[in-house]
Each structure stands twice: as structure tokens, then as C-alpha cells.
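J.: One line per chain: the protein sequences are D and H, in this order.
Those letters in the first sequence? Residues 1 to 487, by my numbering.
Those letters in the second sequence? Residues 488 to 964, by my numbering.
Since the hints were made in silico from the structure, they are not lab data.
Keep in mind that a hint or two might mislead.
Here chain D is said to cover these stretches of chain H; the calculated rule only asks that three of the stretch's residues, wherever they fall, bring their Cβ under 8 Å from a Cβ of chain D [unchecked claim]:
1) 511-519
2) 576-584
3) 685-696
4) 772-781
5) 797-805
Computed from the model, here is a short list of chain D residues facing chain H with C-beta under 8 Å [what the hints assert, rightly or not]:
6) 90
7) 92
8) 283
9) 344
10) 347
Just so you know, even glycine gets a beta-carbon here, dropped at the ideal spot from N, CA and C.
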Amino acid sequence: MEALATPEMIAKYEPVIGLEVHVQLATNTKIFCGCPTGFGAAPNSNVCPVCLGLPGALPVLNRQAVELAIEASLALNCTVNSKSIFARKNYFYPDLPKGYQISQFDQPLAEHGFVEVSVRGETKRIGVTRVHMEDDAGKSLHEGFKDSDRYTYVDLNRSGTPLIEIVSEPDIRTSDEAHAYLTEIKQVMQYLGVSTCDMEKGQLRCDANVSVRLKGAEKFGTKAEVKNLNSFRFLKMALDHEIARQVALLESGGRVVQETRLYDPDADETISMRSKESAHDYRYFPEPDLAPLRISEVWMARIRERMPELPASRRQRFIESYGLREYDAHVLTATRPMSEYFEAVVAASGDARAAANWVMGDLAALLKQEGKEIEDSPIAAERLGQLVKLIGEGKINGKLAKDIFPKMVETGDDPDTIMRREGLTAISDEGALGKIIDEVIAANPKQVEQYKSGKQQVIGFLVGQAMKASRGQADPATMNRMLKDKL
Amino acid sequence: MSLAGHTIDSIRAGLLAKKFSAQEFTRQALAHAEAENPKTNAYLTFAPERALNAARAVDAKIAKGEDPGALAGVPIAVKDVIVTRGVKTTCGSKMLANYVPPYDATAIIRIEEAGGVILGKTNCDEFAMGSSNENSAFGPVRNPAALDRVPGGSSGGSAAVVAQGTAVLSLGSDTGGSIRQPASFCGVAGVTPTYGRVSRYGLTAFASSLDHIGPFARTVRDSARLLQVMAGRDEKDATSAFAPVPDYAALSGDLRGMKIGMPREYFDGLASDTGDRIMAAVDMLKNLGCEVRDIHLPHTPYAVACYYIIATAEASANLARYDGVRYTTRSSNAHTLSEMYRLSRDEGFGDECKRRIMLGTYVLSHGYYDAYYVKAQKVRGLITRDFAQAFEQVDAIVAPVSPFPAFRIGEKMNDPVSMYLSDIYTITGSLAGIPCMSVPCGVTPGGLPVGLQILTKHFNEMAMFRVAEAYERASTN
Numbered sequence: 001m002e003a004l005a006t007p008e009m010i011a012k013y014e015p016v017i018g019l020e021v022h023v024q025l026a027t028n029t030k031i032f033c034g035c036p037t038g039f040g041a042a043p044n045s046n047v048c049p050v051c052l053g054l055p056g057a058l059p060v061l062n063r064q065a066v067e068l069a070i071e072a073s074l075a076l077n078c079t080v081n082s083k084s085i086f087a088r089k090n091y092f093y094p095d096l097p098k099g100y101q102i103s104q105f106d107q108p109l110a111e112h113g114f115v116e117v118s119v120r121g122e123t124k125r126i127g128v129t130r131v132h133m134e135d136d137a138g139k140s141l142h143e144g145f146k147d148s149d150r151y152t153y154v155d156l157n158r159s160g161t162p163l164i165e166i167v168s169e170p171d172i173r174t175s176d177e178a179h180a181y182l183t184e185i186k187q188v189m190q191y192l193g194v195s196t197c198d199m200e201k202g203q204l205r206c207d208a209n210v211s212v213r214l215k216g217a218e219k220f221g222t223k224a225e226v227k228n229l230n231s232f233r234f235l236k237m238a239l240d241h242e243i244a245r246q247v248a249l250l251e252s253g254g255r256v257v258q259e260t261r262l263y264d265p266d267a268d269e270t271i272s273m274r275s276k277e278s279a280h281d282y283r284y285f286p287e288p289d290l291a292p293l294r295i296s297e298v299w300m301a302r303i304r305e306r307m308p309e310l311p312a313s314r315r316q317r318f319i320e321s322y323g324l325r326e327y328d329a330h331v332l333t334a335t336r337p338m339s340e341y342f343e344a345v346v347a348a349s350g351d352a353r354a355a356a357n358w359v360m361g362d363l364a365a366l367l368k369q370e371g372k373e374i375e376d377s378p379i380a381a382e383r384l385g386q387l388v389k390l391i392g393e394g395k396i397n398g399k400l401a402k403d404i405f406p407k408m409v410e411t412g413d414d415p416d417t418i419m420r421r422e423g424l425t426a427i428s429d430e431g432a433l434g435k436i437i438d439e440v441i442a443a444n445p446k447q448v449e450q451y452k453s454g455k456q457q458v459i460g461f462l463v464g465q466a467m468k469a470s471r472g473q474a475d476p477a478t479m480n481r482m483l484k485d486k487l
Numbered sequence: 488m489s490l491a492g493h494t495i496d497s498i499r500a501g502l503l504a505k506k507f508s509a510q511e512f513t514r515q516a517l518a519h520a521e522a523e524n525p526k527t528n529a530y531l532t533f534a535p536e537r538a539l540n541a542a543r544a545v546d547a548k549i550a551k552g553e554d555p556g557a558l559a560g561v562p563i564a565v566k567d568v569i570v571t572r573g574v575k576t577t578c579g580s581k582m583l584a585n586y587v588p589p590y591d592a593t594a595i596i597r598i599e600e601a602g603g604v605i606l607g608k609t610n611c612d613e614f615a616m617g618s619s620n621e622n623s624a625f626g627p628v629r630n631p632a633a634l635d636r637v638p639g640g641s642s643g644g645s646a647a648v649v650a651q652g653t654a655v656l657s658l659g660s661d662t663g664g665s666i667r668q669p670a671s672f673c674g675v676a677g678v679t680p681t682y683g684r685v686s687r688y689g690l691t692a693f694a695s696s697l698d699h700i701g702p703f704a705r706t707v708r709d710s711a712r713l714l715q716v717m718a719g720r721d722e723k724d725a726t727s728a729f730a731p732v733p734d735y736a737a738l739s740g741d742l743r744g745m746k747i748g749m750p751r752e753y754f755d756g757l758a759s760d761t762g763d764r765i766m767a768a769v770d771m772l773k774n775l776g777c778e779v780r781d782i783h784l785p786h787t788p789y790a791v792a793c794y795y796i797i798a799t800a801e802a803s804a805n806l807a808r809y810d811g812v813r814y815t816t817r818s819s820n821a822h823t824l825s826e827m828y829r830l831s832r833d834e835g836f837g838d839e840c841k842r843r844i845m846l847g848t849y850v851l852s853h854g855y856y857d858a859y860y861v862k863a864q865k866v867r868g869l870i871t872r873d874f875a876q877a878f879e880q881v882d883a884i885v886a887p888v889s890p891f892p893a894f895r896i897g898e899k900m901n902d903p904v905s906m907y908l909s910d911i912y913t914i915t916g917s918l919a920g921i922p923c924m925s926v927p928c929g930v931t932p933g934g935l936p937v938g939l940q941i942l943t944k945h946f947n948e949m950a951m952f953r954v955a956e957a958y959e960r961a962s963t964n
């Protein structure tokens with residue numbers, strides 16, 4: 001294991017990071033043939049002559065894949081090129097059946113975009129150099145067979161799965177920014193339905209180009225490419241490790257070599273895979289089996305029209321039209337189902353702040369406890385909205401609502417029904433309340449005396465007694481007012 | 488029973504008149520072809536079961552009074568680079584010596600739907616790379632017109648079977664002249680249609696932007712009819728054209744007033760037996776009422792160099808899939824992944840394939856791409872423009888197919904550049920993607936066939952067939 005730099009050393013340097021993110025598009029079929037894209041099928045069952053690379057087979061571009069890629073590009077604020085060109089990227093690998101990948105090279109689908117991320121309250125714009133389309137390779141299986149010590153098996157189900165590669169500018173300066181950037185991309189892709197971005201299934205993959213330079217220096221340092229950053233945690237760990245490794249090299253008088261390194265999460269280190277000298281010459285050239293991809297204004301306009309609101313603008317809207325705090329807006333837009341649930345609660349209740357508190361409070365706790373996502377919430381948004389509305393109307397108070405909430409989960413009934421059945425309505429009749437107050441005053445002469453002699457805080461105790469006497473059905477604020485009046 | 492006297496029409500007439508059934512005819516055709524094949528080595532594989540199934544379907548249609556199809560009962564041979572489900576498809580290579588495809592090429596499906604009977608697969612240069620059929624891993628093909636000579640290539644077997652009378656029609660593939668040149672060497676009609684006219688789905692790729700499937704036949708009319716069946720948009724080939732397919736066999740025979748161009752670049756210095764035959768053909772076209780004029784295709788001298796850059800570049804990628812991993816032969820001497828690749832490819836590919844893979848890899852390499860590939864694409868554009876400008880003045884262009892007739896087996900094997908130059912007149916049409924064909928125009932004093940090349944503009948196969956058929960009729964009367 002190589003020596004790593006101390007925090008003091010690292011502080012003298014500025015890391016420069018660019019990310020290459022691969023996103024698997026959520027199409028029904030593969031990018032160049034009609035085979036299904038499903039995960040988990042028996043090996044080599046979702047295959048045909050095209051994705052097996054058989055002699056004579058030809059690719060035909062999947063229209064849905066193009067549309068999803070355009071949506072992704074627009075969401076990343078890119079200019080979508082009216083003409084882009086597929087190119088062959090040539091290399092040998094056992095799970096690459098054609099001996100080349102069909103990708104895009106000098107004329108990609110989209111360019112010049114950006115993503116805005118917020119790290120510790122500061123918003124930062126990270127450039128997106130390009131978005132291009134390509135087909136995925138198959139999978140080499142090195143383990144799990146009785147002769148795995150001698151053979152590698154190849155499963156080509158994944159071969160031909162549509163991907164986009166999103167290449168960032170070297171604008172990222174910390175592993176936190178990288179984390180925020182990847183989070184934002186994942187969120188955007190999921191909002192669009194462009195990808196499910198399940199990292200465990202390889203639907204979101206990330207490589208990083210990392211270099212360091214002395215703070216204030218203009219020239220970039222020599223970069224290393226770090227591969228296999230296939231979870232958010234690994235991304236941060238690998239980047240921090242790689243930065244420390246490079247700084248240690250420079251601080252000890254060495255230099256960084258341009259190379260590809262593989263992150264090993266078990267050892268928490270990066271290992272050299274190949275140097276620049278042994279780097280592939282991919283011999284890109286235009287794919288003669290596919291015509292240039294032409295995207296008309298009309299087509300793009302149609303796609304733009306059907307795109308949903310994206311997380312960034314939804315966040316902004318939540319802040320502006322619902323008066324939410326920025327933190328709450330972030331939480332409530334973290335996923336599209338979350339934001340849609342929240343808006344449904346608002347619609348049913350008419351009270352955005354209370355809706356936010358309930359969704360982020362009791363509902364979030366309930367989901368956590370039950371290990372469920374908001375899509376599978378045991379309480380429908382409309383029902384939760386009704387509950388919030390009952391509070392707003394004064395029919396129940398917060399205390400009663402908290403009693404009704406678990407009963408909604410248990411019985412599946414709506415809050416109004418539960419309220420009536422259990423007699424959990426708030427007592428708003430001032431005559432009835434006055435009677436309770438009289439009883440409380442009579443039963444607690446000592447406290448009444450203290451209050452009258454100026455010990456104001458005793459009122460809390462008296463309100464508590466009154467609430468108890470009302471079995472929680474009174475409104476504490478009303479009780480408070482009436483008690484004070486009486487005394 | 489030699490098939491030399493048969494045409495699509497004669498077989499159809501025989502079937503409908505119940506002179507023979509498609510199954511009887513197929514059995515006889517197969518028996519004859521198998522008996523005759525050792526003379527030429529033109530067929531690599533016979534497909535009796537498939538052929539008889541197809542014939543049975545034709546007989547059933549006739550029995551029910553249905554139309555048995557445009558190619559009913561016609562015995563057809565298929566170049567072994569076009570995939571056939573369940574029938575070995577070797578591409579003339581040791582690499583695929585035992586490869587049996589699980590699917591049919593679109594052209595094959597259309598032929599069988601039209602009642603065509605596929606007899607078997609024909610020999611060719613390995614992966615269609617060659618001009619003599621000597622680059623086959625399964626031995627050379629002998630020219631039926633002169634058995635010590637090559638049939639041309641790369642579709643040598645497909646030209647030979649039609650000339651030999653062991654098939655009525657055949658399919659070849661043309662990348663730089665691989666249909667027209669063997670057609671001229673063997674004395675049959677051979678057609679390279681417009682690029683995109685016939686689906687390439689199922690044609691094993693050599694150079695994707697130049698590859699065509701096209702027909703061989705003894706008559707121009709039959710070649711037109713076979714093209715008719717195969718032509719038209721195929722959603723499995725993104726480069727196949729949407730252009731409507733006219734009735735190619737509706738040939739008027741009248742060439743009066745037609746303007747024919749003679750490219751000076753092709754005729755200067757063509758003082759030879761071949762040249763004499765071509766000039767005689769030009770005279771005949773004049774007699775048929777054509778107006779013949781000189782034209783220029785100024786970028787012709789760069790065509791061979793341009794072609795061998797683009798074709799080899801594409802080939803270097805197209806042949807990468809033959810890697811020893813899946814359906815190809817795998818070297819038994821390999822111990823590592825890298826050895827598996829190197830040894831499998833070293834043992835599986837012949838010299839010409841290796842030569843072209845290396846050339847193509849080189850021209851695409853970092854630092855050379857612009858100087859070779861990009862420049863060659865520009866030259867290709869200029870060559871295409873030459874033709875476009877010529878077709879503003881003339882309706883068709885005539886030219887020789889090859890500078891010389893069929894040469895002796897072995898004569899040019901050690902001189903690849905001389906072999907490459909034999910494609911000098913066919914490569915330009917391939918690069919431009921225009922329709923072009925070879926129609927027989929007599930023999931040299933030594934008795935070797937010569938072909939006349941006719942070229943027209945994109946998707947104007949009609950004009951090409953019209954000139955070819957009128958000439959054919961006049962020259963055989």
C-alpha cells in the first residue's frame with residue numbers, strides 16, 4: 001500500500017475532477033435490436049443475431065432510446081445536435097461480441113450542458129461536456145462454475161443494452177461535489193424516467209479523471225483515470241484516496257503518471273490497470289451500418305413538451321409557492337414520487353407547511369419503520385391530506401391527529417371515519433369547555449393562587465389538567481385563552 | 488440435366504404445363520450439379536433438404552392453383568458469404584469452416600417466398616477478399632470456359648455455376664467488383680445494384696459501406712427478375728433504401744436517342760483483345776441508335792488507392808468478431824486470452840485477410856486516420872461527384888469490366904498489387920454506390936469471355952437493364 005498524504009499536505013493542493021457517468025436507458029428493448037433489456041434472465045437468453053454479433057447481422061437504432069437520450073440531454077441543459085454520428089470503437093474483449101462498441105465520437109448527440117449542485121449551502125455549476133449514446137457489452141463471469149479455475153463464461157444478455165455516457169468538464173473540486181453531481185444526475189434521470197439508475201444492477205456507473213495542482217496554479221496536473229466507482233460511498237472514498245495518493249507522490253518529489261487505475265473498495269485503494277503507453281488505440285471511425293442520426297426541431301419540441309418538471313425547478317417552485325425552507329424543499333424533491341406525494345397532500349389539505357411537516361415527520365418515520373418507499377406508503381396522500389385538513393379546520397387538534405394517524409395505518413380507514421367512530425372530535429363548545437375549566441380551577445386552588453400572584457408559567461400546568469379532563473379533545477390554544485380570561 | 492438451357496420462364500412454363508414437378512426438377516438439378524461440381528469446385532455445400540422443401544412448397548401451390556411465385560422452382564446457388572439458416576456458411580474461410588447460421592439473410596427469405604429453390608452454397612475468396620477465387624480456404628474454382636483459369640472473384644463460384652449450367656441463377660456479393668469481374672470472366676450477366684437497393688441483412692460484412700448483394704444469370708432479363716425479388720426496403724438494414732422498386736423486367740428494347748458515355752480514362756491505352764471486344768460493343772450500341780460520346784471521370788486514377796483504404800479500414804473492424812470466443816474455430820495451442828486471440832486469428836485467417844486487416848488497422852491508427860481514412864472519404868466524394876456530373880450529360884456509361892480476361896490459376900497469386908489493379912474499372916462504380924453490371928460481349932481470339940460494363944445513376948437500374956438487354960439481344964442474334 002502506498003503512502004497517503006496528510007491533511008496538511010492535501011490542504012496545499014486543489015483537486016481537479018471530471019466524471020464520466022454511464023446511464024442505462026430504461027427502454028423496453030435493446031439499442032440496436034428487438035431483444036428485451038430485462039435484468040436477471042437466464043444467461044444468453046435475451047439474445048439474437050444482432051446482439052450476438054453473428055456474421056451478417058446489422059444494427060437498427062431504437063427510436064425510444066434516442067428519445068430518452070434527448071430527454072436526458074435537455075435536462076442536463078445541453079444543446080442537442082441536429083446531426084450526430086455513430087462510430088465504431090475497436091477493441092478485443094470476450095464479452096464484446098462484435099469486436100467493437102458502437103458509440104459516438106467526434107459528433108456526439110449533445111454538448112455544452114451543465115448541472116447545478118449545492119454543497120454546504122453554496123450552489124455551483126458543473127459543465128457537461130457531452131452526452132453520447134452507445135451499446136453496452138456483455139458480462140464475463142469469472143466465478144460460480146465448477147471449472148471457473150480454467151474458464152471464463154460469457155453472458156451476452158446485457159450486450160446491446162442502451163447507454164448514455166455523460167462526460168463532465170473538469171469542474172469538480174472535492175469528493176463532496178462529485179457526490180452531489182452524481183446525486184443530481186441520478187435524480188434528474190429518475191425524474192425523467194430515463195433510467196432507474198440502480199447502481200447495484202449497473203444502471204448507473206461512474207469513472208473519474210483525477211488530478212491535483214498546487215492551489216493557485218493554472219496548469220492542470222497529470223490525471224489518472226479511476227474506474228469502478230460503482231456506489232456513492234465508493235465514489236467519495238476512491239476520490240479521497242486518489243487525491244491523497246497523488247499529493248503524497250508530489251510531496252515526496254515524485255510525479256503522477258497518466259494511467260488507468262481501478263478502485264478496490266475492500267482495500268480502499270486504487271490499483272494501476274494500464275499506463276498511457278499501453279493505452280488502447282480505439283481506431284474510431286464512422287459506423288457505416290448506421291446513417292447519421294438527424295433530429296428535427298419538431299421532434300425535439302415534441303420531446304421537450306412531454307418532459308416533466310425537473311428537480312431543480314420543482315425545488316424552486318416549492319420554495320416560492322409553498323413558502324418551504326430550502327432544506328425542506330430538497331428533502332421533498334429528493335425523488336419524483338416523494339414530490340408528487342407531497343403535492344397531493346397539499347392539494348387535499350390546502351396547507352403546504354403542515355403537509356411538509358407531516359410528510360417529513362410522522363410519515364417519514366412510519367416509512368422508515370416499515371422499510372417502505374413512499375411509492376408504497378400505507379397511507380395514501382389524499383388520506384394524509386384529509387387528516388391535515390381536519391386539523392386546519394379545527395375539527396381535531398394536533399394531539400388527536402397523532403392518535404388518528406396510526407389508526408389509519410391499522411384500519412386503512414379515512415381520518416374522518418376514525419374521528420367519528422372513536423369520538424375523537426375536538427370540543428369547541430365554549431359552554432362545555434367552561435365547565436371543564438371551572439372544575440380545574442376548583443381542583444387546583446394552590447396553582448390558581450400562584451398564578452394570580454404573578455407566576456405566569458403555572459398556566460401551562462392548568463391547561464394540561466384541562467386537556468386531560470377533556471381527554472385531549474379540546475384545543476389547547478382555546479383552553480389557554482379561556483383559562484386566562486376566567487382567572 | 489444441365490440447367491444451361493433453362494430460364495425462369497422456361498421452368499415456370501414447364502411447371503405449369505406439368506412437364507415436370509418442382510421436386511423432380513430440383514432432384515435432377517441437384518444430381519447434375521453434384522456430378523459436375525468436381526470439374527470446377529464451384530459449390531462448397533449442397534442443401535438438398537432445403538431445396539426439396541422449397542420445391543415441395545412450389546408443387547403444393549401449383550396443385551392448389553395458386554401463383555407459385557416469380558422464381559417458382561428455379562435452382563439458385565448462393566455465395567457462401569450470405570447466411571442460410573441450418574446450412575453451413577463458411578465465407579470461404581477456415582475460421583468458419585463449421586459455422587451453421589441460426590438465421591436467413593433477408594435476400595434468402597425473399598427468394599424462397601418467391602418460390603426459388605436454393606441448391607447450395609458457392610465457393611468464394613475468403614470473406615469476399617480477392618479477384619480470382621484463389622483465396623478460398625477450400626481450394627480455387629476453375630473457370631468453366633477454360634478450366635486452367637480462374638473464374639474471377641470474389642464471387643467466382645457463383646459466376647461459375649451459372650456458366651457451368653449447375654444453377655440457373657446465383658447470388659454474389661460485390662464490394663469492389665466481385666460480381667462484375669467474375670461475370671465477365673465466366674461469360675454471364677452479373678449485376679451490382681445501387682447501394683441500399685438490396686438489404687445487406689445476412690450478408691457477412693467485408694466493407695459495409697461498399698458491400699452489395701447482386702444476381703448472376705445467363706440472361707439480362709433473368710438477372711433483372713432476380714433483383715426484382717430481392718430489392719426493396721428492409722427494416723433490418725438501416726442503410727436499405729425506401730425508393731420504390733420498378734418492374735425491372737419491363738424492358739422496351741429500344742435504345743434510340745439514348746446517350747451513352749465513354750469515360751476517356753477507361754479507354755486510353757486499352758489496346759488489347761479486351762479493348763477490341765468493348766469497342767465492337769460500343770459500335771453495336773451506336774447501330775442500335777445510341778448517341779455515344781466521350782466523357783471524363785477525372786478522379787479515376789485515385790480510385791484503387793481510395794478503395795483499398797476504405798475497404799480495408801471497414802474490414803479490420805468487421806473481421807474483429809472472428810476472435811475464437813464464440814462460433815469461430817479456436818486455436819488449441821492457446822493458454823492465455825491474448826494467445827487465444829492471436830493464435831485463433833493466425834490459424835483461422837488466410838494471407839489476404841491478414842494483409843487487409845493489417846492495412847485497415849494501420850490506416851485507422853492514431854495519427855494516420857486523417858491522412859488516410861479521412862482523405863480517402865474525400866476522394867470517394869469526388870469520385871461520386873464525377874459520376875453525378877457525367878450523368879447530367881449521358882443516360883448510361885459503358886466501360887470495360889477488367890483490363891484482361893481470365894488469367895491462369897496461380898499467375899497473379901504472388902503479386903497482390905497486380906491483382907488489386909485488375910479491379911481498376913469496377914472499383915469506381917462501387918465507391919459511388921451506383922448500379923453497374925457486366926453483360927457478356929463475346930470472347931477473345933483465345934476463346935475467353937469478355938464483359939461489357941454498363942453503369943447508370945443511383946436507382947436507375949431500369950436504364951442499365953435496358954441497355955444491357957438490347958445489346959444482349961442484338962449481339963446474340
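J.: Confirm or reject each hint.
T.: Each hint tested on the structure:
| no. | hint | result |
| --- | --- | --- |
| 1 | 511-519 | violated (count 0) |
| 2 | 576-584 | holds (count 3) |
| 3 | 685-696 | holds (count 9) |
| 4 | 772-781 | violated (count 0) |
| 5 | 797-805 | holds (count 4) |
| 6 | 90 | holds (5 Å) |
| 7 | 92 | holds (6 Å) |
| 8 | 283 | holds (4 Å) |
| 9 | 344 | violated (43 Å) |
| 10 | 347 | violated (46 Å) |
In this structure, the hints that do not hold are numbers 1, 4, 9 and 10, in rising order.
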